[in-house]
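*Asks:* Sequence:
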Amino acid sequence: MNAPLRPGGLAIVVRLDAGRVAAVTVTGERPRSLLSTMAGRPVEAAETAVRLLHGLCGASHAAGVRFAAAVAAGRELDGDDAAAWTRRLAGERLAESVRALVPVDAALLTDPDRAGALRAVVAHGAAIARTGAVDPVSRGAIEAGLVRLGLDGREAAPAPVAGADVLTAADDAAVVEALAGDPDFVARPVLPGRRPETGPAARAGASAADPEAARAARRAEVAAAFALLAADRVPGPTEAGWVAAAGLGAGWGFAAVESPRGRLHTLLTVHGDGRLRSARVLAPTEWNFHPDGPFARSLIGLRPAGDPAAEVARRAAAYDPCVAFDVAVGEDGDA
Numbered sequence: 028m029n030a031p032l033r034p035g036g037l038a039i040v041v042r043l044d045a046g047r048v049a050a051v052t053v054t055g056e057r058p059r060s061l062l063s064t065m066a067g068r069p070v071e072a073a074e075t076a077v078r079l080l081h082g083l084c085g086a087s088h089a090a091g092v093r094f095a096a097a098v099a100a101g102r103e104l105d106g107d108d109a110a111a112w113t114r115r116l117a118g119e120r121l122a123e124s125v126r127a128l129v130p131v132d133a134a135l136l137t138d139p140d141r142a143g144a145l146r147a148v149v150a151h152g153a154a155i156a157r158t159g160a161v162d163p164v165s166r167g168a169i170e171a172g173l174v175r176l177g178l179d180g181r182e183a184a185p186a187p188v189a190g191a192d193v194l195t196a197a198d199d200a201a202v203v204e205a206l207a208g209d210p211d212f213v214a215r216p217v218l219p220g221r222r223p224e225t226g227p228a229a230r231a232g233a234s235a236a237d238p239e240a241a242r243a244a245r246r247a248e249v250a251a252a253f254a255l256l257a258a259d260r261v262p263g264p265t266e267a268g269w270v271a272a273a274g275l276g277a278g279w280g281f282a283a284v285e286s287p288r289g290r291l292h293t294l295l296t297v298h299g300d301g302r303l304r305s306a307r308v309l310a311p312t313e314w315n316f317h318p319d320g321p322f323a324r325s326l327i328g329l330r331p332a333g334d335p336a337a338e339v340a341r342r343a344a345a346y347d348p349c350v351a352f353d354v355a356v357g358e359d360g361d362a
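Per this note's numbering, the sequence shown starts with residue 28, numbered consecutively.
Just so you know, the hints here were simulated from the structure itself, not pulled from any lab data.
Keep in mind that this is a model prediction, so the values were computed, not measured.
Heads up, some of the hints might be wrong.
[What the hints assert, rightly or not] For each label pair, taking beta carbons as the anchor points, the in silico distance ranges come out as:
{"#": "1", "residue 1": "Arg146", "residue 2": "Gly101", "range": "37 to 45 Å"}
{"#": "2", "residue 1": "Ile327", "residue 2": "Leu79", "range": "35 to 43 Å"}
{"#": "3", "residue 1": "Asp132", "residue 2": "Thr75", "range": "27 to 35 Å"}
{"#": "4", "residue 1": "Ala160", "residue 2": "Leu275", "range": "27 to 35 Å"}
Note that the Cβ used here is the ideal one computed from N, Cα and C, for glycine as well.
Working from the sequences, and respecting the hints, build out all of it.
*Replies:* Structural data, given as structure tokens:
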């Protein structure tokens, strides 16, 4: 019983015993981060490249480079530049959160008008993510599209869950230490005694183990992102709590960006002439889909209703991995 492993994707294999999930195996062959292949390039060129080449969360990856490189050089972004980055990140979160709702909220596509509204919101949000600029036409089109989709802020975020293990800024020091000391940490991140989750549900203090909580969290984040884009005054992403960054001396810098899919960590070092020396990037998917991480553990004991493979896929989609995934299900005794 094997799930096909697409290049760069995840293979999820579930074994059932008397109709309940008894074991879960999650494997993946993730390539090195794009940024780590750009040693020797000017930091500005590397920033542009990761923004353009990452099909998902490109603005978040670029923000990680910009803010980590700035603090590595002992600089801070000025107010206008910082505000533009907040708009980029809000535009990206808006676009990618709406798109991520489609697999778990089929009502978004019940008629052609809604499908058109969804495309408009995603397109305008993605444009803001590229430029950091919001004009009245884009703002109006997004607002109209969100109303048409029923995403105009009427749904509250999910209630926090007692005991939820959430990856937060309080973990950054431990993550930096591990990233600096272990090159394999980017593929198998572990914090002792924990299985931290990251993403929209986790930011609300809940868990995507409940797909409805993940759905509600994304819907609430869509409304919050649009509120930022519509505001007269936009704070910088550090003030807004979307980015944390720290210089570590000797040309080293670290940034953590709250991307649409969760906390994205970038650790890099820069030569004195502004060229990238080295970089390590830890994506949210590595935490959530760790072989013994929150997604895998959430399935143990589950009795799938209906088609088990479809139910597992629905629950995987609630965590919104940044790569494709395949699911295989077998019963005890299968060859």
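*Asks:* Would you mind marking each hint as holding or not holding in the structure?
*Replies:* Structure-based check of each hint:
no.: 1; hint: Arg146 <-> Gly101: 37 to 45 Å; result: holds (43 Å)
no.: 2; hint: Ile327 <-> Leu79: 35 to 43 Å; result: holds (40 Å)
no.: 3; hint: Asp132 <-> Thr75: 27 to 35 Å; result: holds (34 Å)
no.: 4; hint: Ala160 <-> Leu275: 27 to 35 Å; result: holds (32 Å)
In summary, the structure agrees with every hint in the numbered list given earlier.
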